[in-house]
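*Asks:* So the chains spell out like this:
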Amino acid sequence: MYIPSPSTFDPDTNGHFGIFGGRYVPETLMPALLELHDEYEKIRFSRDFWSEVDYYLKDYVGRPSPLYFAANISKELKARIYLKREDLNHTGAHKVNNVIAQGLMAKRLGKKKIIAETGAGQHGVATATICALLGLECEIFMGAKDVARQELNVFRMKLLGATVHAVESGSCTLKDAMNDAIRHWVTHARDTFYIIGTVAGPHPYPMMVRDFQAIIGWEARAQILEKENRLPDTVIACIGGGSNAIGMFQHFLDDKEVTCIGIEAGGLGVETEQHGASLLKGRPGVLHGQMSYLLQDPDGQILEAHSISAGLDYPGIGPEHAFHKENRSVAYDNITDSEALDAFVWLSQKEGIIPAFESAHAIAYLKKIDNIEGKLIIVNLSGRGDKDMIQAKEILHFN
Amino acid sequence: MKQLVAYITSGYPDIGFTTDLALALGESGVDQLELGVPFSDPVADGPVIEKANFRSLQNGFKFEDLLKVSKEVAPHVDTLWMGYFNLFYQYGMQRLLKEAANLHVKGMIIPDLPYEEAQSYSKDFNQYNVANIAFVAPTDSPKRIEHIVSDAKQFIYLVAYTGITGSGKHENLQAILRHIKSYSHTPVYVGFGVNANTAKEKAQGADGVIVGSAFVTILLDEHLSYTEKIKECTTLASSIKQKINE
Numbered sequence: 004m005y006i007p008s009p010s011t012f013d014p015d016t017n018g019h020f021g022i023f024g025g026r027y028v029p030e031t032l033m034p035a036l037l038e039l040h041d042e043y044e045k046i047r048f049s050r051d052f053w054s055e056v057d058y059y060l061k062d063y064v065g066r067p068s069p070l071y072f073a074a075n076i077s078k079e080l081k082a083r084i085y086l087k088r089e090d091l092n093h094t095g096a097h098k099v100n101n102v103i104a105q106g107l108m109a110k111r112l113g114k115k116k117i118i119a120e121t122g123a124g125q126h127g128v129a130t131a132t133i134c135a136l137l138g139l140e141c142e143i144f145m146g147a148k149d150v151a152r153q154e155l156n157v158f159r160m161k162l163l164g165a166t167v168h169a170v171e172s173g174s175c176t177l178k179d180a181m182n183d184a185i186r187h188w189v190t191h192a193r194d195t196f197y198i199i200g201t202v203a204g205p206h207p208y209p210m211m212v213r214d215f216q217a218i219i220g221w222e223a224r225a226q227i228l229e230k231e232n233r234l235p236d237t238v239i240a241c242i243g244g245g246s247n248a249i250g251m252f253q254h255f256l257d258d259k260e261v262t263c264i265g266i267e268a269g270g271l272g273v274e275t276e277q278h279g280a281s282l283l284k285g286r287p288g289v290l291h292g293q294m295s296y297l298l299q300d301p302d303g304q305i306l307e308a309h310s311i312s313a314g315l316d317y318p319g320i321g322p323e324h325a326f327h328k329e330n331r332s333v334a335y336d337n338i339t340d341s342e343a344l345d346a347f348v349w350l351s352q353k354e355g356i357i358p359a360f361e362s363a364h365a366i367a368y369l370k371k372i373d374n375i376e377g378k379l380i381i382v383n384l385s386g387r388g389d390k391d392m393i394q395a396k397e398i399l400h401f402n
Numbered sequence: 031m032k033q034l035v036a037y038i039t040s041g042y043p044d045i046g047f048t049t050d051l052a053l054a055l056g057e058s059g060v061d062q063l064e065l066g067v068p069f070s071d072p073v074a075d076g077p078v079i080e081k082a083n084f085r086s087l088q089n090g091f092k093f094e095d096l097l098k099v100s101k102e103v104a105p106h107v108d109t110l111w112m113g114y115f116n117l118f119y120q121y122g123m124q125r126l127l128k129e130a131a132n133l134h135v136k137g138m139i140i141p142d143l144p145y146e147e148a149q150s151y152s153k154d155f156n157q158y159n160v161a162n163i164a165f166v167a168p169t170d171s172p173k174r175i176e177h178i179v180s181d182a183k184q185f186i187y188l189v190a191y192t193g194i195t196g197s198g199k200h201e202n203l204q205a206i207l208r209h210i211k212s213y214s215h216t217p218v219y220v221g222f223g224v225n226a227n228t229a230k231e232k233a234q235g236a237d238g239v240i241v242g243s244a245f246v247t248i249l250l251d252e253h254l255s256y257t258e259k260i261k262e263c264t265t266l267a268s269s270i271k272q273k274i275n276e
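If you read the sequences in order, they're chains A and B.
At position 384 of the first sequence the residue is numbered 387 (the working numbering), and the sequence of numbers has no breaks.
At position 117 of the second sequence the residue is numbered 147 (the working numbering), and the sequence of numbers has no breaks.
Just chain A, with the same shape it has in the complex (with noise of 0.2 Å):
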């Protein structure tokens, strides 16, 4: 059973990775995080709380994802590649792991109603899908823009009886989706748990949504090792927040001969000022409640992010990441749109397997990779590509 371990890159008591994190919230939400902070030292080593976690995860959400040696891909490549099944979750996407773990927090803390800021709609349907299952009540923060561009999404949350607030203000994505979650919550302070979807926000969620991640790292490394008895050379992700990348570094980060890398978006291009590349061209400040590397103008005025992916178009990133670029414990480069697409088709055609154009750019990057040959790689497959049918079709055209 999945239980976290006390990580070498644990934040202080008041959440610093090194100068990253924090909390800078209003102090009508101090409160709440401090309460948060204390629960969740109660539970993070917990046999009692991870065993309710674990039952979800095995029966509700079909772990352990399997990690898949991707035959065709490998041969081309003349690489050893494992992608790891994240997209095979229930829901779609490893977004569920986190969720499950702050749905039975909320239970525990006696609040009913649950709100919760989504980019791709993949953390909104998670969350949904877990209010539903728990018997919470469920609103859902999502950028006018991205309402547009994944319907198919807000459908599936409406679906599962959750209220979907399309978010009108700024650039109407991800960040002012949060913006207005955390309006929501300041306001409703009392009696309202907020669910975080990534390893970002005021301490103590990137710390928490780490440890809820990290047993796509735990399972990774057990399933490596079983299947080639060595550690694998490259692990790679992609990062909007930064979740599904640190869930899957986590368990790889001590051992010196594994490269974790981190794919941010780089949209149409890193050269541009269209790119959702916070810690290649982002410098650090202080955005939604923490402190970490931000796409921001001379004054500190946030910047608005693209990418194809509504997961990672977001001008930050989460503050363990901003940490780790500094201290070099996780290497970062960037996939565009462009390239993120061609693999889309590419992993469809040669494996069967769709995969959300996020998780794309993970899979982009294998063909950038200097001297793969021989190689032994794990990709993160992070989610299945059903919630990007509507915009593929838009942009593909086959005979």
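Check before you lean on any hint, since a few could be wrong.
[Said to hold, decoys possible] Quick list of the computed label-pair ranges, beta carbon to beta carbon:
#1 A:K259 / B:A205: 56 to 62 Å
#2 A:E154 / B:E94: 18 to 24 Å
#3 A:D41 / B:Q124: 33 to 39 Å
#4 B:Q124 / A:D15: 50 to 56 Å
#5 A:D41 / B:E201: 22 to 28 Å
[What the hints assert, rightly or not] Below are the DSBU-like pairs computed for lysine-lysine, each with C-alpha atoms no more than 30 Å apart in a straight line:
#6 B:K261 / B:K199
#7 A:K110 / B:K183
#8 B:K173 / A:K114
#9 A:K115 / B:K199
#10 A:K148 / B:K81
#11 A:K115 / A:K161
#12 B:K32 / A:K161
#13 B:K199 / A:K114
#14 A:K45 / A:K61
#15 A:K61 / A:K116
#16 B:K92 / A:K284
#17 A:K284 / B:K81
#18 A:K81 / A:K259
#19 B:K92 / A:K148
#20 B:K173 / A:K115
#21 A:K110 / A:K161
#22 A:K115 / A:K148
#23 A:K396 / A:K328
#24 A:K45 / B:K173
#25 B:K173 / A:K116
#26 A:K116 / B:K81
#27 A:K353 / A:K370
#28 B:K136 / B:K101
Keep in mind that the hints were calculated from the coordinates and are not lab data.
Note that beta-carbon positions come from the ideal geometry of N, C-alpha and C, so glycine has one too.
Using the hints provided, position chain B relative to the given structure of chain A.
*Replies:* Using the frame of chain A, we list chain B on its own:
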């Protein structure tokens, strides 16, 4: 006499107007002025102030404009800067506080820099004798309040309800006011949702009120000329000042 603090968003419609309005408010019963620094993501603010932030940025507001306005205004009206932490952090806290001290700006109101995070900067605030205004929220326990207000300067900002600025929410603050007063002699001003109708009631048991969205609603009114906007704001200021002291 109970005090009136007025918040205005800088740079809307332009900084010349902000300066004229600030000076006029200073002559109409406003004791202290909060010059708001527009930010792209003002999460503690309701739709009115959010809109003013957005429009000011659209009109080209830059951080340097805050310094220009302050230079004109601070010698005449007690001035504080209200802004989200990222803008101040990007300017550099040492540089910012030095600049504030030079311009005679009395303090900073930073809604997303709670007590714990502010500790790293308390030496800098003290060095330049600029106050970092302490926030108390209705969700705070007496124990936390004791902590937060222990070193409060200028005034303590009591948030009137759990929520964002400019909402019609109401909470009874008498118990929390008593807690604050048992731990600190620093004056307590109540902010959030204070307007001509609510001012008297919100000022009960407090030493003053902070009014923001009510002024900014006038700033955003497209039907009013510059002169009319200033006139309406000063009338509102005098009326609130009178009501809280009745």
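*Asks:* The structure should be examined with respect to each hint, and the outcome stated for every one.
*Replies:* Here's how the hints hold up against the structure:
no.: 1; hint: A:K259 / B:A205: 56 to 62 Å; verdict: holds (57 Å)
no.: 2; hint: A:E154 / B:E94: 18 to 24 Å; verdict: violated (43 Å)
no.: 3; hint: A:D41 / B:Q124: 33 to 39 Å; verdict: holds (35 Å)
no.: 4; hint: B:Q124 / A:D15: 50 to 56 Å; verdict: violated (23 Å)
no.: 5; hint: A:D41 / B:E201: 22 to 28 Å; verdict: holds (25 Å)
no.: 6; hint: B:K261 / B:K199; verdict: holds (28 Å)
no.: 7; hint: A:K110 / B:K183; verdict: violated (40 Å)
no.: 8; hint: B:K173 / A:K114; verdict: holds (23 Å)
no.: 9; hint: A:K115 / B:K199; verdict: holds (22 Å)
no.: 10; hint: A:K148 / B:K81; verdict: holds (19 Å)
no.: 11; hint: A:K115 / A:K161; verdict: holds (18 Å)
no.: 12; hint: B:K32 / A:K161; verdict: violated (50 Å)
no.: 13; hint: B:K199 / A:K114; verdict: holds (21 Å)
no.: 14; hint: A:K45 / A:K61; verdict: holds (23 Å)
no.: 15; hint: A:K61 / A:K116; verdict: holds (26 Å)
no.: 16; hint: B:K92 / A:K284; verdict: holds (21 Å)
no.: 17; hint: A:K284 / B:K81; verdict: holds (28 Å)
no.: 18; hint: A:K81 / A:K259; verdict: holds (24 Å)
no.: 19; hint: B:K92 / A:K148; verdict: holds (28 Å)
no.: 20; hint: B:K173 / A:K115; verdict: holds (27 Å)
no.: 21; hint: A:K110 / A:K161; verdict: holds (22 Å)
no.: 22; hint: A:K115 / A:K148; verdict: holds (29 Å)
no.: 23; hint: A:K396 / A:K328; verdict: violated (36 Å)
no.: 24; hint: A:K45 / B:K173; verdict: holds (21 Å)
no.: 25; hint: B:K173 / A:K116; verdict: holds (27 Å)
no.: 26; hint: A:K116 / B:K81; verdict: holds (28 Å)
no.: 27; hint: A:K353 / A:K370; verdict: holds (14 Å)
no.: 28; hint: B:K136 / B:K101; verdict: holds (13 Å)
Going down the numbered hints, you'll see the structure goes against 2, 4, 7, 12, 23, while the others check out.
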